Amino acid sequence: MENTVVKIDNLVKRYGELVALDHFSLEIKEGEIFGLLGPNGSGKTTTINCLLSLLSFDKGNIEIFGRKMTPVSYDIKKDIGIIMQNVVVSEELTVRENIDYFCGLYITDKKLRAQYVDEAIKFVGLEDFTKFYPKKLSGGLLRRLNIACGIAHKPKLIILDEPTVAVDPQSRNKILEGIQELNRSGVTIIYTSHYMEEVEQICTRIAIMDKGRKVAEGTKDELKRMIKNTETISIEVLGLGEDILAEMRALPHVYDVKYDEKMLVVSCSGGKHNLIRALDVLQKHEVGFGRVYSELPTLNEVFLEITGKALRDKED
Amino acid sequence: MFLHNFLYEIKSSLRVRDLIFWLILFPMILGTFFKIAFGDLYEKQTKVSAIPTAIVETEQNDIFRSVVESVSEGDEPLLKAEFLSEDEALKKLGNGEIKGIIYTGDTITLTVAGDGVEQSVLKLFIEQYMTREKVITDTISGDPSKTQAVIAALSEEINTSDEAKLTEGNLDFYIQYFYNLIAMVAMYGSVTGLHVAMGQQANLSELGARKNCSATPKSVGILASLAGTWVVQSICMIICVSFTAFVLKVDYGDRLPFVYIAAVCGGILGVSFGFFIGSVGKMKQGAKVGICMSVSMALCFLSGLMVGNMKPIMAEKAPWFNNINPAALVTDSISALNLYSGYRVFITKVVTMLVISLIFYVLGLLLVRRRKYASL
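Just so you know, the sequences run in chain order A and B.
Sequential numbering of the first sequence, starting at 1, is according to this note's numbering.
Sequential numbering of the second sequence, starting at 1, is according to this note's numbering.
Where hints are given, some of them may not hold.
Stated by the list, open to error - Each computed BS3-like pair below joins lysine-lysine, with the alpha-carbon atoms no more than 27 Å apart: (1) A:K174 <-> A:K29; (2) B:K372 <-> A:K59; (3) B:K282 <-> A:K59.
Treat the hints as calculated values from the structure; they're not laboratory data.
Just so you know, these numbers come straight off a predicted model, no measurement behind them.
Let's have the full structure, built from the sequences with the hints guiding it.
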């Protein structure tokens, strides 16, 4: 049976009148890449800060590795790696010194630390930049340095708070691959983001947050099953009459049909072979068609249906 | 973990260019400027012939009269003093027969006609007397038998002859500027102390938040950073004293090791002041640095960095303030080494510095010890 690494129980955090976390609960198992997905201001970073005992909270309980987390739980903290939203490094130290400095906040053995630092540098691919000062690094390399500083001490739990903000696609892919590699080595990951594609790509389980509440939780397939839409068929077609549209609407599992700008969009809920049935209708009426797409729902659609707004609508 | 944090604090601090400039290079530049400006003036002062001066006694001041008489005697008298009525004095000043009129009363004031070395020497003479006046009156009131010795010492100090002094130290007036320079470097240390406080608090810096997530206890992190900062600040203080003493050839008297002690203690006091400011409130770093620098410069101003006779003015208007003004404590502690043969005043000043430092550190630690924050 998988061990519970993080357990958040009924957490309430208020900033004056504003309720930042509203009876928020969560359980994360060992070996998961757990995604916290939500727009800016939904409470993701507040959750992380409470989890790390940086922030006080009004109600609730937090356990990590089965023990109550407090600001002086140094035995728990030594097994946690944190990669913060902004790059937190010392401008006066080189790449290697920065990694060594942060690693030294956890590891006292100098020899072991030197080995860990080398491994972290190799892991993030900064071998050619070890003597560089942060101000000489590009945004992507800085992010990699930030990650190296957070993982060098080989923690069992790594928390990444929006680590790919303002990162170029190449560095982003490198970071995401690195996270998956860490996970394969047995590390439990908590990953917060408002980039649904990233969360969908790497997370084994996801919690969607909005206004300090957890509005849904599950694997990406479980989340997608929570909403009505299971498939969206788009067909490029000219001159469709109302009779054909009526026939489309009458097909099994179809709950919505739109025709606009030469594009027929058929929304389906459940069922199989929906695309074939839609194309059969067009062929029956001898209507020619161009490009055809069949798309499964995205997390954005899940979010849209659950909260009534698109995930990206609230981005800064 | 302590050693790791301590060594990295030193390493990173020594690489901060602003720190190197303001704590090492700027004092060197300013010290060199002082040496050029005041050293030359002082040398001229010792070579000018007796300056014709009128003394107008609006009120009787026996001590000042004795000092004036004393500096008007000998082989190389400083003044050629005449005790005149105000009308006569003004007439002679108008004719150019005298270079200045000194009025004695509640306060001693000087009237000169025009600029020049002699007028500057007269001004220095008055400033020096006012700086020493409290020492003289305190000494005489405590032990009247020392009256003649004190007056003789002051006269010698002003005349710069090689006769008997209260100590073997340097009593030149312009050296006060170098004491203040040391005090300024000590007070600049407040910025490094401020960085320590801010770098440890999760609600004031991201680095603080990051450190608070680590396995290093907060107390260890703070103490290691403070210790590292003390070392860096002490290095800066030692460089400042060494540069002025050995490069600029400023004569700190025969007790130079104690000047180093005073300077290092002053540095610790400066760091503690910044640590306290950094620990109070949630203002942004820029604002706190501004406060630190402004307050430091104000304290240095009040101890005489920019205006030489500011300290006697403060001694007259708010005597208690010089006893708690960190910059004044630094200058007074070094000054005491040259004014007194014993160490009582020096030790008192140094202990006061350390006590105030301790108060700042304790208050700062009480403020940053918080484990969790209501908001970040």
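Practice prompt. List, from low to high, the hint numbers that the structure doesn't satisfy.
Written response: Structure breaks no hint.
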